[in-house]
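Engineer: Next come the chains, spelled out residue by residue.
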Amino acid sequence: MAADLNLEWISLPRSWTYGITRGGRVFFINEEAKSTTWLHPVTGEAVVTGHRRQSTDLPTGWEEAYTFEGARYYIN
Amino acid sequence: MDSQIPYDDYPVVFLPAYENPPAWIPPERVPGPDYNNELTQFLSQTITLKKPPGMIPDSDAHRAGLQEGDQVLAVNDVDFQDTEHSKALEILKTAREISMHVHFFPYNYYHQKERTVH
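Respectively, the protein sequence lines represent chains C and V. Here the working numbering is used: the first residue of the first sequence is 1, the next is one more, and so on. Here the working numbering is used: the first residue of the second sequence is 1, the next is one more, and so on.
Because the hints were derived from the structure by calculation, they are not lab data. It is possible that some hints are incorrect.
[Said to hold, decoys possible] Below, a list of computed lysine to any residue pairs in the SDA-like style, where the Cα atoms sit at most 20 Å apart:
#1 C:Lys-34 <-> V:Val-75
#2 C:Lys-34 <-> V:Ala-23
#3 C:Lys-34 <-> V:Pro-27
#4 C:Lys-34 <-> V:Ala-64
#5 V:Lys-93 <-> V:Pro-106
#6 C:Lys-34 <-> V:Asp-77
#7 C:Lys-34 <-> V:Ile-25
#8 C:Lys-34 <-> V:Lys-87
#9 C:Lys-34 <-> C:Arg-14
#10 C:Lys-34 <-> V:Pro-31
#11 C:Lys-34 <-> V:Lys-93
#12 C:Lys-34 <-> V:Gly-32
#13 C:Lys-34 <-> V:Asn-37
#14 C:Lys-34 <-> V:Glu-28
#15 V:Lys-93 <-> V:Ala-64
#16 V:Lys-87 <-> V:Val-75
[Unchecked claim] Cβ-to-Cβ under 8 Å is the rule here; a few derived chain C residues that face chain V:
#17 Ser-11
#18 Arg-14
#19 Ser-15
#20 Trp-16
#21 Thr-17
#22 Gly-19
#23 Ile-20
#24 Arg-25
#25 Glu-31
#26 Pro-41
#27 Thr-43
#28 Gly-44
#29 Tyr-74
C-beta atoms are modelled at their ideal positions from N, C-alpha and C, and glycine is treated no differently.
Generate the whole structure from the sequences, applying the supplied hints.
Structural biologist: Below, the structure written as structure tokens:
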């Protein structure tokens, strides 16, 4: 299932940890640099969460979603 | 010479703004909405509902573990992510037993809720 949470990203380098926002998006926390990012510190890719995704068409880390007006947009 | 593009005829579409990840806060933080790393509630699960005559769907779904914000990925092996709403409803209404694969992802749910409240 494309939207299943793939847990490969959970292994992180030293001084890094992760969090999950209220909306369910995964982000990464660098305790040394005191910063956060959507991108995994090793792979450099965002964690695919639950937005609708066409896995065969989109590059890795991109997701497709729709506004409530029906416009398609992409999330990196 | 009419060189002006009739922009007034174009539909207005509002795209979501880019969202930054939550700002860093000290490690002594108490887990909260934006600093939750408890994964289990975000993993997908399969919920089975039986529909004997007279059952109230809402209470049945609630007892089975469904919650607001659950994204329905598949029902009875039909991929709901690419299914039209009308067909999805038909499947849910006609199936005697529903095996529902769901994933808690309230992102769009919260956005929609905010829109509705306005």
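Engineer: Against each hint, give a clear statement of whether it holds in the structure.
Structural biologist: Evaluation of the provided hints:
{"no.": "1", "hint": "C:Lys-34 <-> V:Val-75", "verdict": "violated (43 Å)"}
{"no.": "2", "hint": "C:Lys-34 <-> V:Ala-23", "verdict": "holds (9 Å)"}
{"no.": "3", "hint": "C:Lys-34 <-> V:Pro-27", "verdict": "holds (10 Å)"}
{"no.": "4", "hint": "C:Lys-34 <-> V:Ala-64", "verdict": "violated (41 Å)"}
{"no.": "5", "hint": "V:Lys-93 <-> V:Pro-106", "verdict": "violated (24 Å)"}
{"no.": "6", "hint": "C:Lys-34 <-> V:Asp-77", "verdict": "violated (44 Å)"}
{"no.": "7", "hint": "C:Lys-34 <-> V:Ile-25", "verdict": "holds (8 Å)"}
{"no.": "8", "hint": "C:Lys-34 <-> V:Lys-87", "verdict": "violated (48 Å)"}
{"no.": "9", "hint": "C:Lys-34 <-> C:Arg-14", "verdict": "holds (13 Å)"}
{"no.": "10", "hint": "C:Lys-34 <-> V:Pro-31", "verdict": "holds (17 Å)"}
{"no.": "11", "hint": "C:Lys-34 <-> V:Lys-93", "verdict": "violated (51 Å)"}
{"no.": "12", "hint": "C:Lys-34 <-> V:Gly-32", "verdict": "holds (18 Å)"}
{"no.": "13", "hint": "C:Lys-34 <-> V:Asn-37", "verdict": "holds (17 Å)"}
{"no.": "14", "hint": "C:Lys-34 <-> V:Glu-28", "verdict": "holds (13 Å)"}
{"no.": "15", "hint": "V:Lys-93 <-> V:Ala-64", "verdict": "holds (17 Å)"}
{"no.": "16", "hint": "V:Lys-87 <-> V:Val-75", "verdict": "holds (11 Å)"}
{"no.": "17", "hint": "Ser-11", "verdict": "violated (13 Å)"}
{"no.": "18", "hint": "Arg-14", "verdict": "violated (14 Å)"}
{"no.": "19", "hint": "Ser-15", "verdict": "violated (10 Å)"}
{"no.": "20", "hint": "Trp-16", "verdict": "violated (12 Å)"}
{"no.": "21", "hint": "Thr-17", "verdict": "holds (7 Å)"}
{"no.": "22", "hint": "Gly-19", "verdict": "holds (5 Å)"}
{"no.": "23", "hint": "Ile-20", "verdict": "holds (5 Å)"}
{"no.": "24", "hint": "Arg-25", "verdict": "holds (7 Å)"}
{"no.": "25", "hint": "Glu-31", "verdict": "holds (6 Å)"}
{"no.": "26", "hint": "Pro-41", "verdict": "violated (13 Å)"}
{"no.": "27", "hint": "Thr-43", "verdict": "violated (16 Å)"}
{"no.": "28", "hint": "Gly-44", "verdict": "violated (15 Å)"}
{"no.": "29", "hint": "Tyr-74", "verdict": "violated (10 Å)"}
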